[in-house]
Amino acid sequence: MLRGKFKKTETIPAGEDFPESTFPAGGMPDTGRETGKNRSRKEVPDGLFRKCDACRKILYEEDIRENWYCCPECGKNFRIDPWTRIHMLTDKDSFEEWDPDLTGDDPLSFPGYEEKLRDMRGKTGLTEAVVTGQALIRGSRTALGVMSPDFIMGSMGTAVGEKITRMVERATAERLPVILFCCSGGARMQEGIFSLMQMAKTSQALKRHDEAGLLYVPVLTDPTTGGVTASFAMLGDVILAEPGALIGFAGARVIRQTIGQKLPEGFQSAEFLQKHGFVDRIVRREQMRTTLGVLLQSCACR
Amino acid sequence: MEQKMEQNRTAWDRVQTAREEKRPHASDYIAKIFDGFMELRGDRLFGDDRAVIGGIAGIGKRYVTVIGQQKGRSAKENRHRNFGMMKPEGYRKALRLMKQADKFGRPVILFIDTPGAFCGVDAEERGQGEAIARNLFEMAGLRVPVLAIVIGEGGSGGALALGVANEVWMLENSIYSVLSPEGFAAILWKDGKRAAEAAEVMKITADELCEAGIVEKVIPEPEAADREHMDELAGYMKQEILSFLGRYDRMTSEEILNQRYERFRRMAVPGSV
Ligand SMILES: [Zn+2]
Numbered sequence: 001m002l003r004g005k006f007k008k009t010e011t012i013p014a015g016e017d018f019p020e021s022t023f024p025a026g027g028m029p030d031t032g033r034e035t036g037k038n039r040s041r042k043e044v045p046d047g048l049f050r051k052c053d054a055c056r057k058i059l060y061e062e063d064i065r066e067n068w069y070c071c072p073e074c075g076k077n078f079r080i081d082p083w084t085r086i087h088m089l090t091d092k093d094s095f096e097e098w099d100p101d102l103t104g105d106d107p108l109s110f111p112g113y114e115e116k117l118r119d120m121r122g123k124t125g126l127t128e129a130v131v132t133g134q135a136l137i138r139g140s141r142t143a144l145g146v147m148s149p150d151f152i153m154g155s156m157g158t159a160v161g162e163k164i165t166r167m168v169e170r171a172t173a174e175r176l177p178v179i180l181f182c183c184s185g186g187a188r189m190q191e192g193i194f195s196l197m198q199m200a201k202t203s204q205a206l207k208r209h210d211e212a213g214l215l216y217v218p219v220l221t222d223p224t225t226g227g228v229t230a231s232f233a234m235l236g237d238v239i240l241a242e243p244g245a246l247i248g249f250a251g252a253r254v255i256r257q258t259i260g261q262k263l264p265e266g267f268q269s270a271e272f273l274q275k276h277g278f279v280d281r282i283v284r285r286e287q288m289r290t291t292l293g294v295l296l297q298s299c300a301c302r
Numbered sequence: 001m002e003q004k005m006e007q008n009r010t011a012w013d014r015v016q017t018a019r020e021e022k023r024p025h026a027s028d029y030i031a032k033i034f035d036g037f038m039e040l041r042g043d044r045l046f047g048d049d050r051a052v053i054g055g056i057a058g059i060g061k062r063y064v065t066v067i068g069q070q071k072g073r074s075a076k077e078n079r080h081r082n083f084g085m086m087k088p089e090g091y092r093k094a095l096r097l098m099k100q101a102d103k104f105g106r107p108v109i110l111f112i113d114t115p116g117a118f119c120g121v122d123a124e125e126r127g128q129g130e131a132i133a134r135n136l137f138e139m140a141g142l143r144v145p146v147l148a149i150v151i152g153e154g155g156s157g158g159a160l161a162l163g164v165a166n167e168v169w170m171l172e173n174s175i176y177s178v179l180s181p182e183g184f185a186a187i188l189w190k191d192g193k194r195a196a197e198a199a200e201v202m203k204i205t206a207d208e209l210c211e212a213g214i215v216e217k218v219i220p221e222p223e224a225a226d227r228e229h230m231d232e233l234a235g236y237m238k239q240e241i242l243s244f245l246g247r248y249d250r251m252t253s254e255e256i257l258n259q260r261y262e263r264f265r266r267m268a269v270p271g272s273v
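Taken in order, these protein sequences are the chains called A and V. Okay, so the first sequence: first residue is 1 according to our numbering, each after it adds one. Okay, so the second sequence: first residue is 1 according to our numbering, each after it adds one.
The set of hints was computed from the structure by calculation and includes no laboratory data. Here a beta-carbon is modelled for each residue, glycine too, at the ideal position from N, C-alpha and C. Be aware that a few hints might be false.
[What the hints assert, rightly or not] One side of the interface only, derived from the structure: several residues of chain V facing chain A at Cβ under 8 angstroms:
#1 Ser27
#2 Val121
#3 Glu124
#4 Gly129
#5 Val164
#6 Lys203
Start from the sequences and build out the full structure, keeping to the hints where you can.
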């Protein structure tokens, strides 16, 4: 059974770099779609054009969509909403959402917070900053969580911590791997210490998942910072990242104030993290599905 | 009279007290509470972070592992101790010592006193996030009883990385928060000067956190803790620590693990739309 998977492996290129996976695209049957085209459930409503915030070029929305929501000119990975991500990654109609209605509370009775939550729900169509569930990726069943960059900056409050914890606990019980697309400004300040505790809660659930011998792959997308970096984002068996993603613990502004000088070029980028040994692979969006597929298969041998 | 005055203190008053220079530091508690302490140093990977001290200590005819975030008093001492702000090598040293405690069956006592994890280029390069995350993850697997005591500032993830314990206690005038009140006000109100106001809404005092189920016990400070007059306080803490150890002696490692897991598992306020 393994023979078929390795047969088409390309020869190893000279040098030390393996920017692309040399695993064949084959293996398990791929029932998903082949390009990023039309993968978004919600069509982009605002106009035909968008300006790239990296290279400043004016781009067609349709070109962006067809290019996996990356800039066709400079390759910048634009931020995407959880459902677009899920549709890009998972086998057709295979995603089943878990705890869709779970929400947090307002534990500090923080002025304006409940309003803000209502507003966010209206704007994003999401109940909270993470969508969790299970899906097939290239035929392999996995628990899958995807954080939203748009919902209060993907910040982790009690609901996000609870949804992720429940996902991990259920995955442990059902012996499923966990893939988690991280994207977060850190702890949800409006929930104070209660959001801080989610770091411990999610990490300890991952500890039990790990002890059960199951695979966990966090994928770090732009931006992954603060309390998320200091908890589940860094606890993978394999850690993947998207090109150019901002990844770090402390905010650049805080560090600049601390050291009183300019920060090095590329500081806290995915590439920086990889150079310092904290990211296994930087994966382009069109390669993500294949990469995850290989990881899921390769870790299902026991 | 004294008691009453204490009770009327605002959260912001307590922030000031928690940061006072005369307040005892980890080394003061270690010297007063334990019958001997042998420091063990280094993370075996990079260096020895002086913002945290740890080692083997004696209490009630038994050995425990003690680890504490260590602030300094003079400017020179604070440079040496980095104001109690740990770098990745500090968290990794603490984890090494906790795993050692686990291996030899020694309970772990932690003293938390930090404005937060250090924010700097070198800390990021060596994986500050990973180091904190690893502690949260591995502490969840310690089979020995773990007690954390917040003695001054419990600043954010930098404090939590030593806080995945079976019980967390706070001194009456200590604070434990997601971020400093100054930082909180700067982020949410774009005005760091509203720190005092932030302190009142953040739920950062020992009493508030005990009521909210985030900590188990408040250690009373009839007078604000002072390293020159701390014998009574240390004596009380010693008795409480001994009683903690006695309680957990009766538990199996399985029960200890599960109790710690459930402690943090409860910390959610789930609702539904
Ligand atoms: Zn561009």
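Restraint: V:Lys203 near chain A, CB-CB cut 8 angstroms. Satisfied or not? Cβ of V:Lys203 sits 5 angstroms from chain A, so the hint holds.
Would you settle whether the hint for V:Gly129 is holds or violated, based on the nearest Cβ-Cβ distance to chain A being less than 8 angstroms? Since chain A brings a Cβ to about 3 angstroms from V:Gly129, closer than 8 angstroms, the hint holds.
Does the interface hint hold: is V:Glu124 within less than 8 angstroms of chain A, judged Cβ to Cβ? With a closest approach of 6 angstroms, the V:Glu124 hint holds.
Let's test the interface hint: is any C-beta of chain A closer than 8 angstroms to that of V:Val121? Given a least distance of 6 angstroms, the restraint on V:Val121 holds.
Evaluation of the interface hint that places V:Ser27 against chain A, nearest CB under 8 angstroms: violated (25 angstroms)
Can we keep the V:Val164 interface hint, with Cβ of chain A closer than 8 angstroms? Holds - the Cβ of V:Val164 comes within 8 angstroms of chain A, reaching about 5 angstroms at its closest.
This entry does not satisfy hint 1, going by the numbered hints stated previously; all others are met.
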